[in-house]
Amino acid sequence: MANDPTSMRTTVRQVRYLGSARSGTHHVWHMRLTSFALVPLTIAFVWIVLSLIGKDYNTVVKALGSPAIAILMLLFLLAGIYHMMLGMQTIIEDYVHTPVAKTWSLMGNTFFSICVGLACVYAVLRLSFT
Amino acid sequence: MAEAKNRTVSPEARRPLSPHLQIYRPMLTMMMSIMHRITGVALYAGTLLLAWWLIAASTDARAFATANSVLTSIPGQIVLLGFTWALFHHLFGGIRHFIWDTGRGMDHPEREYLAQATWIGGLALTVVVWVVAYMVR
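So the sequences go chain by chain: A and B. At position 108 of the first sequence (counting the first as 1) the number is 111 in my numbering, and the numbers step up by one without a gap. At position 58 of the second sequence (counting the first as 1) the number is 60 in my numbering, and the numbers step up by one without a gap.
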C-alpha cells in the first residue's frame, strides 16, 4: 500500500520516529509535567516578587538568598524555562517549514533557553552563596 | 501524461490540508487558543527581564538600583503589567488544558464557559496582584 502512488499514507519508515518533532510522546508528557509543577510555583513566584516590592537592596538580596525562597525560585526557573523551551519548539514546528530555517530556529530556541536559564540560576545561586 | 505527472507529486504533498485560520469565523474559544500561544511567546521574551533583574540583584547595589529605576518607570510598569497579565492568562489557559486532559469541558457550552473563565480569571488576578503591589509599595 505504501508503494501505491494514489495512497495518501506515508510509509511506516517515514512515520516511525519521523514526525515533525522527531520523537514520541515525551514532549507532551514533559509539557504537562512542567505545567502541573508551574501552577503552585507561579503562585510562589508572584508571592515572592510581591513580598519584595519597595524593599531596599539589602533586604531583597537577603530574601532571594535565603534557602526557602532560593529553592522555590530555582524550581520555578528550571520548570519554567524547560516549559517555555518545549512550547517554543512546538510553535517553530508549526510555523517554520523549510528544513534549514527550522533547524536554525530550533537550535536558537535551545540555546536561548539554556543561556537565560543558566543566567537566572547562576544569579540565584550567587545570591545564596555570597 | 496527467497520470505520470501525478506520480511525481509526493504522497505528503497530496494529503488533504485542514482549513486554516482565515476559513473560520472568530470565536472566543479560538481567541483563547491564540492568546495562549501569544502570551506564551511574551513570557518567553519576558524571561530576559527576569534574568536581568536577578543578575542585577546578584551583582551590586548600583546595578540593582538601575534595574529598579527602569522597572518602576512608566514604560517599565506597563511592560510589567503586560508580563503579569500574560503570566496569569497563560496560567488559566493551562488549567483549562488540564480540565480538557481529563476529557471534560470540550462540549458546548462548557468550552465557552472555560474560555470566558480564562480571560476573566487572567484579568481579575492581574488587577488583584497590582492593587496589592501598589498597596504594599
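Since the hints were made in silico from the structure, they are not lab data. Be a bit skeptical, because a hint or two may be false.
What follows is a set of in silico ranges between Cβ atoms, one per label pair, in the way DEER data are often shown [what the hints assert, rightly or not]:
hint : chain 1 : residue 1 : chain 2 : residue 2 : range
1    : B       : Gly105    : A       : Lys58     : 27 to 33 angstroms
2    : B       : Thr61     : A       : Pro70     : 20 to 26 angstroms
3    : A       : Lys58     : B       : Met29     : 41 to 47 angstroms
4    : A       : Thr133    : B       : Ile40     : 35 to 41 angstroms
5    : B       : Arg106    : A       : Asp97     : 23 to 29 angstroms
6    : B       : His22     : A       : Tyr60     : 33 to 39 angstroms
Glycine included, each C-beta is placed from N, C-alpha and C at the ideal position.
Verification of the supplied hints:
no. : hint                                      : verdict
1   : B/Gly105 with A/Lys58: 27 to 33 angstroms : violated, 46 angstroms
2   : B/Thr61 with A/Pro70: 20 to 26 angstroms  : holds, 21 angstroms
3   : A/Lys58 with B/Met29: 41 to 47 angstroms  : holds, 45 angstroms
4   : A/Thr133 with B/Ile40: 35 to 41 angstroms : holds, 38 angstroms
5   : B/Arg106 with A/Asp97: 23 to 29 angstroms : holds, 26 angstroms
6   : B/His22 with A/Tyr60: 33 to 39 angstroms  : violated, 51 angstroms
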